[in-house]
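Per my numbering, the very first residue in the sequence shown carries number 9; after that it's consecutive.
Check each hint, because a few of them may be wrong.
With a straight-line cut-off of 25 Å between C-alpha atoms, the simulated SDA-like cross-links for lysine to any residue are [what the hints assert, rightly or not]:
#: 1; residue 1: K78; residue 2: M9
#: 2; residue 1: K78; residue 2: D41
#: 3; residue 1: K92; residue 2: D41
#: 4; residue 1: K78; residue 2: P97
#: 5; residue 1: K78; residue 2: L103
#: 6; residue 1: K78; residue 2: A65
#: 7; residue 1: K78; residue 2: V21
#: 8; residue 1: K92; residue 2: F53
#: 9; residue 1: K78; residue 2: P23
#: 10; residue 1: K78; residue 2: Y91
#: 11; residue 1: K78; residue 2: I50
#: 12; residue 1: K92; residue 2: E11
#: 13; residue 1: K78; residue 2: A42
#: 14; residue 1: K78; residue 2: F47
Restraint ranges, calculated between C-beta atoms of paired labels, are given here [to be verified]:
#: 15; residue 1: L103; residue 2: H67; range: 22 to 28 Å
#: 16; residue 1: H67; residue 2: E89; range: 31 to 37 Å
#: 17; residue 1: E89; residue 2: D54; range: 15 to 21 Å
#: 18; residue 1: A93; residue 2: E30; range: 41 to 47 Å
#: 19; residue 1: R13; residue 2: W105; range: 26 to 32 Å
#: 20; residue 1: T58; residue 2: L38; range: 16 to 22 Å
#: 21; residue 1: A93; residue 2: V40; range: 30 to 36 Å
Derived from the structure by calculation, the hints contain no laboratory data.
Ideal Cβ placement from N, Cα and C applies to all residues, glycine included.
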Amino acid sequence: MIELRTPLPPAFVEPIEEWFNELTRCPWGLDVDATGTVFQLIGYFDDAATAQAGWLALHAAFPALPASPKQTALDDRDWKEAYKAHLRPWSAGDLHW
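Using the sequences and the accompanying hints, generate a full structural model.
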């Protein structure tokens with residue numbers, strides 16, 4: 009799996025979200041920090057060729073984006089189960105999760 013990631017200026021957030029809503033399947037997502045002011049555009053793709061095609065399509069719609077995003081190859085794993093490595097039980101009063 010390939011992850012593409014790039015910083016996103018706040019002015020691009022709404023137009024890109026609208027563009028995403030027009031897609032049938034969208035490999036892209038937006039991440040925002042706790043302050044709500046720093047945005048990142050993140051995409052997940054099966055292989056490098058699909059990632060490149062996805063970036064070219066997005067860049068064609070938004071030419072002011074950087075020429076190329078940061079590309080990372082992710083280890084193959086069962087993503088539906090991977091969250092458990094970071095999940096810890098906790099309690100609040102009589103409630104236990």
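Checked hints:
1. Restraint check: the Cα-Cα separation between K78 and M9 comes to about 14 Å, which is no more than 25 Å; the hinted pair holds.
2. Note on K78 and D41: the hinted pairing holds, with a Cα-Cα distance of about 18 Å set against a maximum of 25 Å.
3. Using a Cα cut-off of 25 Å, the hinted pair K92 and D41 holds, with the two alpha carbons roughly 23 Å apart.
4. With a C-alpha separation of about 34 Å, the suggested pairing of K78 with P97 is violated against the 25 Å cut-off.
5. At most 25 Å may separate the alpha-carbon atoms for a hinted pair to count; K78 and L103 exceed this at roughly 42 Å.
6. About 16 Å separates the Cα atoms of K78 and A65, which keeps this hinted pair within 25 Å; it holds.
7. About 18 Å separates the Cα atoms of K78 and V21, which keeps this hinted pair within 25 Å; it holds.
8. Only pairs whose Cα atoms come within 25 Å are accepted, and K92 paired with F53 is accepted, the gap being roughly 23 Å.
9. Straight-line distance between C-alpha atoms of K78 and P23 comes to about 21 Å, which keeps the hinted pair within the 25 Å bound.
10. Restraint check for K78 and Y91: the C-alpha separation of about 23 Å stays at or below 25 Å, so the hint holds.
11. For the proposed pair K78 and I50, the alpha carbon gap of about 10 Å is at most 25 Å, so the pair holds.
12. About 21 Å separates the Cα atoms of K92 and E11, which keeps this hinted pair within 25 Å; it holds.
13. Of the supplied pair hints, the one linking K78 and A42 holds, its CA atoms being roughly 22 Å apart against a limit of 25 Å.
14. This hinted pair checks out: K78 and F47 have alpha carbons roughly 14 Å apart, not beyond 25 Å.
15. Here the CB-CB span from L103 to H67 is close to 47 Å, at odds with the stated 22 to 28 Å.
16. For the hinted restraint 31 to 37 Å between H67 and E89, the CB-CB distance of approximately 34 Å keeps it satisfied.
17. With their beta carbons about 19 Å apart, E89 and D54 fall inside the hinted range of 15 to 21 Å.
18. Checked against the hint of 41 to 47 Å, the C-beta distance between A93 and E30 comes to roughly 35 Å, which is inconsistent with it.
19. Separated by about 30 Å at the C-beta atoms, R13 and W105 satisfy the suggested range of 26 to 32 Å.
20. Checked against the given bound of 16 to 22 Å, the beta carbons of T58 and L38, roughly 20 Å apart, stay inside it.
21. Taking the beta carbon of each, A93 and V40 are about 24 Å apart, not inside 30 to 36 Å as hinted.
In the structure shown, a violation is registered for the earlier hints numbered 4, 5, 15, 18 and 21, in ascending order.
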